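Student: Residues per chain are reported as follows:
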Amino acid sequence: MAETFDVIVVGAGMAGNAAAYTLAKGGLKVLQIERGETPGSKNVQGAILYADAIERIIPDFREDAPLERHLIEQRVWVMDDASYMGTHYRSEDFNKPPYNRYTIIRAHFDQWFNKKAREAGVLTICETTVTELLQEGGRVVGVRTDRKGAEIRAAAVILADGANSRLAVKAGFQPEVRPENVALAVKEIHFLPQETIESRFNIGEEEGVVIEMAGKISAGMMGTGFLYTNKESITLGVGCMLSDFKEQKVTPYELLDRMKAHPSIAPLIAGSEMKEYAAHLIPEGGYNAIPQVYGDGWLISGDAGQFVNGIHREGSNLAITTGMLAAQTLVELKAAGRPFSAVNLAAYKRKLDDSFVMKDLKKYRRLPEIFHHNKHFFTTYPELFSKAAQTLIRVDGVDKKSKEKAIKQSFIASRSLLGLIGDAFKFWRAVE
Amino acid sequence: MSKIEEKLFQDRYRVDAGRPHIRIKDAGLCRDCRNQQCTVCCPAGCYSREAGGQVALTTDGCLECGTCRIICDEHRNVEWEWPRGGFGILFKFG
Chain A
1 MAETFDVIVV GAGMAGNAAA YTLAKGGLKV LQIERGETPG SKNVQGAILY ADAIERIIPD
61 FREDAPLERH LIEQRVWVMD DASYMGTHYR SEDFNKPPYN RYTIIRAHFD QWFNKKAREA
121 GVLTICETTV TELLQEGGRV VGVRTDRKGA EIRAAAVILA DGANSRLAVK AGFQPEVRPE
181 NVALAVKEIH FLPQETIESR FNIGEEEGVV IEMAGKISAG MMGTGFLYTN KESITLGVGC
241 MLSDFKEQKV TPYELLDRMK AHPSIAPLIA GSEMKEYAAH LIPEGGYNAI PQVYGDGWLI
301 SGDAGQFVNG IHREGSNLAI TTGMLAAQTL VELKAAGRPF SAVNLAAYKR KLDDSFVMKD
361 LKKYRRLPEI FHHNKHFFTT YPELFSKAAQ TLIRVDGVDK KSKEKAIKQS FIASRSLLGL
421 IGDAFKFWRA VE
Chain B
433 MSKIEEKLFQ DRYRVDAGRP HIRIKDAGLC RDCRNQQCTV CCPAGCYSRE AGGQVALTTD
493 GCLECGTCRI ICDEHRNVEW EWPRGGFGIL FKFG
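These protein sequences, in sequence, are chains A and B. Taken in order, the first sequence gives residues 1 to 432; the numbers are from my numbering. Taken in order, the second sequence gives residues 433 to 526; the numbers are from my numbering.
There's no promise every hint is true.
Coverage of chain B stretches by chain A, computed from C-beta distances (three or more under 8 angstroms per stretch; other residues unrestricted) [unchecked claim]:
(1) 436-445
(2) 454-462
(3) 475-489
(4) 498-507
When the alpha-carbon atoms are kept at most 25 angstroms apart in a straight line, the in silico PhoX-like pairs for lysine-lysine are as follows [said to hold, decoys possible]:
(5) K25/A - K170/A
(6) K275/A - K435/B
(7) K231/A - K96/A
(8) K249/A - K457/B
(9) K25/A - K334/A
(10) K260/A - K524/B
(11) K249/A - K29/A
(12) K249/A - K435/B
(13) K457/B - K524/B
(14) K524/B - K275/A
(15) K231/A - K457/B
(16) K363/A - K351/A
(17) K375/A - K387/A
(18) K387/A - K408/A
(19) K387/A - K405/A
(20) K387/A - K29/A
(21) K435/B - K260/A
(22) K405/A - K359/A
(23) K387/A - K334/A
(24) K170/A - K457/B
(25) K275/A - K363/A
(26) K334/A - K349/A
(27) K363/A - K349/A
(28) K387/A - K403/A
(29) K115/A - K435/B
Over the 10 angstroms line for every Cβ pair with chain A, so calculated as not near, a few chain B residues [what the hints assert, rightly or not]:
(30) A449
(31) L495
(32) E513
(33) G526
What the hints contain is simulated information worked out from the structure, not anything from laboratory work. Quick caveat: nothing in here was measured; it's all calculated off a predicted structure. Glycine residues also receive a C-beta, built at the ideal position from the N, C-alpha and C atoms.
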C-alpha cells in the first residue's frame, strides 16, 4: 500500500472508533485497522454504555444505535454464601429521556459505531493484525501488519488496541502488564423471553436493572460480580485480580458457575439458554499504573492506556473520551500546521488531566493498593454484616440489647477494636 | 463434555490450523514449575497438566484474554501473539 495517511488507528473498539470518527470529522485522512472479522468480534464488555461520553461525539446516537435497555435501577449486593445484603436505588428520574445509561451488546454496538466512523470518511480494514510499529529515529512512522508486505505509513498512530497492548510493549513504550494491575473477568450471556426478564426484575419494556456484587462470590480474592439486563438476555460475570487468581486453585469458570448457583442469582437466570462464554482482562491498576501515553508520532487511548475507573465500573466512557481527546489533539495540531512531535502531543496529556478521566483516577489512586493488602474487605466484612442482619431480623426470644451486644462482639472478635477503626480509616483513604 | 468444553461449545471460532498463536518456550521450565498456575487460571482451560508433570497447551479454545502470559511473570515462558487477522475467537455478542 503506497498510500499514506494522516493517522492510523489500531483497533475498532470504543477508543478506536471514537478516535477514528473524531479524526475523520476533523478532516484528517484516517486508516483504522481491526484484527477481528468485523468491528466488535474481538471485544468484550459487561456492557454498560454511558450516554454522556458518546453524546459528546454523536449527539443523536439514540436514533439508530443498537441499545438494549436504559437503566432505572442500580443494586449493590454484598454477599456471603447464603445471603446478600444490599442497597437498591431506583428512580423514575432515570426513566425520563434523555436516558443516562444503557445496557449494550458490544458486537452489535461496535459495528454501529464503526459504521458511523466509515460514513465520516474513515477507511477501516478488518481481519488484519498489526504486528509492530514502524519506527525511524525514535519516531513512529506507521505500522506493519500480517498482510503480505504491508507496511503502512502515517504521520501519527493512535494505539487503541485494548488491555493487551502488545504494540506498546514491543515498542518499549510500556512494560508488560503486571498481574496486580489487571483483573480477569469471565461472563456468560443467557437468553430469556423479554416478558420473563421484565417480570423477574419488576421492570417495563426497555427498562433495565444492574446488579453489582462483592463479597464471597470472589472466593477471597479482590474482585466483583455483575448482572445486567438486556432486552432478551442477561449477561452476568465475575472478575478478580490476576495476582489473586495466581495464588489459589479455583478456575475462573468454576467461580462463575458458583456465582450462577448462588441462591439469590439462580432464580434470576432459571430456564435460560446460555449462548456465549467470554473472558477478558480489565486494567485495574488505576492512576499509578497509567503509562506514558504519547510520544513522537504516537498516542495511546482506552484500555491500552489503563484508563479504567474500577470502583465505579467505568471503562467504556473513559475509552470513548480518551479516544476523542487523542483525536482532537491531532486535529488541532494539523489545523495549526504543527508536526505530531512528542512536545506537541503533550497537549493530549493536558486534555486528559483537565477531564474527568484523570481527575477521577487520581481521586482513587490509593484504592488498588489498599484493597490488595486488605482482602478482609471482600471476605470478613460481608459475613459479619450478613450475620448482624440475620441476628437482628430473626425473632427468637432473645432481647434486642443482647443481640446488639453479640453483633458488636462478633465484629471485635474478627477485627479487634483498633482493626475496625483502622479499616474505616483505610476505606475512607481509598475513596476520599 | 467437561464443564469448560460445554461453555466453549457455544462460542464461535475460526481456528488457524497448524499455526497456534501461543507457544510454551521451554517445556522443561513448566515441568519444574511449582504451581503450574496456567492450568488453573486459563479461562478456556487451554493448559492441562500431563501425567509426566508436563504442561500441555491446546490453543483452539483460546479466548485471547492474555492471562497465561501475564501470570507467568516469574518464568516468562509463554510466547504470546495475536492470531492472524480474522482468525481465533469471533464473539457473537462480546
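Student: Hint numbers the structure violates, sorted upward?
Tutor: 2, 5, 11, 13, 15, 20, 22, 23, 25, 29, 31, 32 and 33
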